[in-house]
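K.L.:
Next come the chains, spelled out residue by residue.
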Amino acid sequence: MRRKKKSDKSAASAITPALVMRLYVVNSAPNSLLAIANLAAICKEFLKDNFKLEIVDVLEQPLRALADGILVTPSLAKLSPSPAANIVGNLSDKSGVMRALGISGYAP
Amino acid sequence: MKPNVHAPNVNSSNTHTDSGFEAKILRLVKGARDRSAIKSGEVDAILDPASGRAILLPDAQAALLERKARFRSLVELASDGTWEQDEHYRFVSHSGTAIGSEWTGDAGILGKTLWDLAFDNSSEIDWQTHRTQLEWRAIFRDLEFRCIDRAGRLCIISLSGEPIYDRQGQFKGYRGITRDITARRQAETAAPESDRFARATLDALATQVCVLDAAGTIITVNTAWRVFAASQRGIGADVSEGSNYLAACDQIVGNERVDASAMAAGIRQVIAGERELFRYEHFCDAPSGPRWFMASVTRLHGDAAARAIVSYEDITDIKHAEQLQGLECTVARCLADADNTSAALKAVIRAVCETQQWDCGQYFCLDHAADVLSLNESWGRPVAGVKQLMEKSHGAVFRPDAGLAGRVYQSGQPLWILNGSKGTRASQTALAHETGMDGAFVFPVIAEDKTIGVLAFASHAVREPDDRLLQAVQSIGHQLGQFLQRRLAEDTLRRSEARLRRLTELSSDWVWELDSHFRFTKIIGTGMAGIGDILGKTLWELPTIVLSDDEWVKHKSELAAQWSFCDFEYAAVLPDGQNGYYCISGEPVYDAAGAFTGFHGTGLDITQRKRAEIALRASEARWRDMAGPSSD
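Line order of the protein sequences matches chains A and B.
Taking our numbering, the leading residue of the first sequence gets 1, the next gets one more, and so forth.
Taking our numbering, the leading residue of the second sequence gets 109, the next gets one more, and so forth.
Hints were generated in silico from the structure; no laboratory data involved.
In this text, a Cβ means the ideal position worked out from N, Cα and C, and glycines have one as well.
Watch out, some of these pointers could steer you wrong.
[Unchecked claim] Which residues of chain A face chain B? A few of them, derived with a C-beta cut under 8 Å, are:
(1) 26
(2) 31
(3) 66
(4) 71
(5) 72
[Claimed, not checked] Listed below are the simulated SDA-like cross-link pairs for lysine to any residue, each with C-alpha atoms no more than 25 Å apart in a straight line:
(6) A:78 <-> B:148
(7) B:138 <-> A:68
(8) A:94 <-> B:143
(9) A:78 <-> B:157
(10) B:138 <-> A:64
Whole structure, please, built from the sequences with the hints as guidance.
P.N.:
Pasting the structure below:
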């Protein structure tokens, strides 16, 4: 299963490049559901619409996850802007996730 | 939380089941972060690079199993069975009670297509349509099939399905659910049946009916209401389902404001339960003519939503009948109270005009001498057009066989021309000549089965007369005819009496009357002058009368016997001392009951004749005396 969220081309996004992420999950598994919820809350609170997120179900696309170097799920890959980052787990460590995503630089 | 990494005991292609599960996990995950995440219980699955599969950790595996079970449970709740078909649309699996031999009456459905089964409501065209759906790989929903089960009961089955594809996108068949909707369909069929019955009953009513809720909003109306609303106007006539009737009443202005307010107040009382029934009669000046309605508002029990039923019964015919009955009474009263024919005609014409909202009326009667119908009397509303028409009609005459009035006079049947009429009983040309208006109504005035005149009414509001109006004008025509005939007879008699009186006056000097006691009660004329006051006295009580006893006896006996007497002569001493001579004739008088009331008769002064006779007799006597000795 794949889900994509595209941000609107707002004035903020024109100034700050959108955060592009990919979340690898097992659909309906508890930690994956928790990771999706935690990430959604962070995005809503700090990124508004200035992000792009793709969710990949590894049960459906295991090879794609392996190709991306993912070995465990849930895993969140920050694709852009640089530097790239990878966060493993259910993303309940909010400050750690924000730090890894560099969200501190994104004023809400 | 330490991860539980034992081998999951599930039958899943994406799960790992060998005994070296823990070792394999540890071997796969070498990164510190990944291991840390696993140890803290934040990982659901591990990807095996060797097999390219995801290995579910026990918690995730349990969650998925639980989800699958939950989904199956929901499917079972939402349906009575599931099924799958292969790429040739043959059933390869099924579950539940609503599919299979129970409802097909067959040994089973496996290996059969849907159109191989015994359904009785699908034609070949239906199956072709369904096969096209399948070939297009379309999702189909709620296909309904009817069949008879083994117990002989009707079953109605609903099937929904979607296509199945493998990982390579190859079509593998269909899968879906089945629901037994027999009970629901039967209930749905039963409910509309009762609704249809109620609807048909409501629509069959000639009375306009609407049903209101507690707020006065119209829940439903019947056909009569819709037809009326479309063609008429009046209180709430333009409101329909969904609109608020009370608000519509409150918004009405003009002449109907009072009626609308009364209706709204009555409806509110009924809705509030303050009264069970509210009835209100009101008038409506509809485009098709004036109409009367009896509105009834009744409280509705036993329904949560509906609170009141408003119905309008058209009582125009009843009101017209009452009006015409009143008109007939009015005409009768006018004729009874009228002092003369002219006043009676004017009063009758006016009553008819005012009752029927006609502008003017005219009475034409036959002038026998000129053999034409001439205007005899008329009445009109005091408006310009009518006045002009009346002036124009003044002095107009028509031949008895020409024009509207002439045709009615000859036929003795009513004629009418309607406003802007097409199908009428008289030509527009004839009408225009006589009335100058759009519509006219002319009917005969009949006495003793003979038409003696016609009443012609003209108006811009003449409409097709109904039977009751024709009946009324016939009655009025006869009443008026009888009145005119009676008046004519009275006038004739009066003239005859006057003529006779004049002749009597010419042939006698006075007329006298006696009561039953032979006392003078009336003296008309001057012939009795000189004999004093005689009223209240008998002839023999008068002191100046000179008559012998025998003659008195004879005269009294004649009176007592109530015999007529003729040329009874008597003398009376005049103031100058000479005798005056008189001659009277009389006859007894009786009342309607036959009782004797006295005498009446005439008197003649014969003084000159008697004196001449006396003188002649005296002269003859002298001549006899002179001739007597010589003749001897």
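K.L.:
So, for every hint listed, does it hold in this structure?
P.N.:
Hints, one by one, checked against the model:
For the restraint placing residue 26 of chain A at the interface with chain B, the shortest Cβ-Cβ distance is roughly 4 Å, inside the 8 Å limit, so the hint holds. Taken as an interface hint, residue 31 of chain A checks out: its beta carbon lies about 5 Å from the nearest beta carbon of chain B, inside 8 Å. Look at residue 66 of chain A: its Cβ gets to within about 5 Å of chain B, closer than 8 Å, so that hint holds up. Interface restraint check for residue 71 of chain A: the shortest CB-CB distance to chain B comes to about 5 Å, inside 8 Å, so the restraint holds.
Using the Cβ-Cβ criterion of 8 Å, the hint placing residue 72 of chain A at the interface with chain B is satisfied: the shortest such distance is roughly 5 Å. Restraint check for residue 78 of chain A and residue 148 of chain B: satisfied, since their Cα atoms lie roughly 22 Å apart, inside the 25 Å limit. Between residue 138 of chain B and residue 68 of chain A the alpha-carbon distance is near 16 Å, which keeps this suggested pair within the 25 Å criterion. Distance hint between residue 94 of chain A and residue 143 of chain B is fulfilled; the C-alpha atoms sit about 20 Å from each other, no more than 25 Å.
Between the alpha carbons of residue 78 of chain A and residue 157 of chain B the distance comes to roughly 22 Å, so the proposed pair stays at or under 25 Å and holds. At most 25 Å may separate the alpha-carbon atoms for a hinted pair to count; residue 138 of chain B and residue 64 of chain A meet this at roughly 20 Å.
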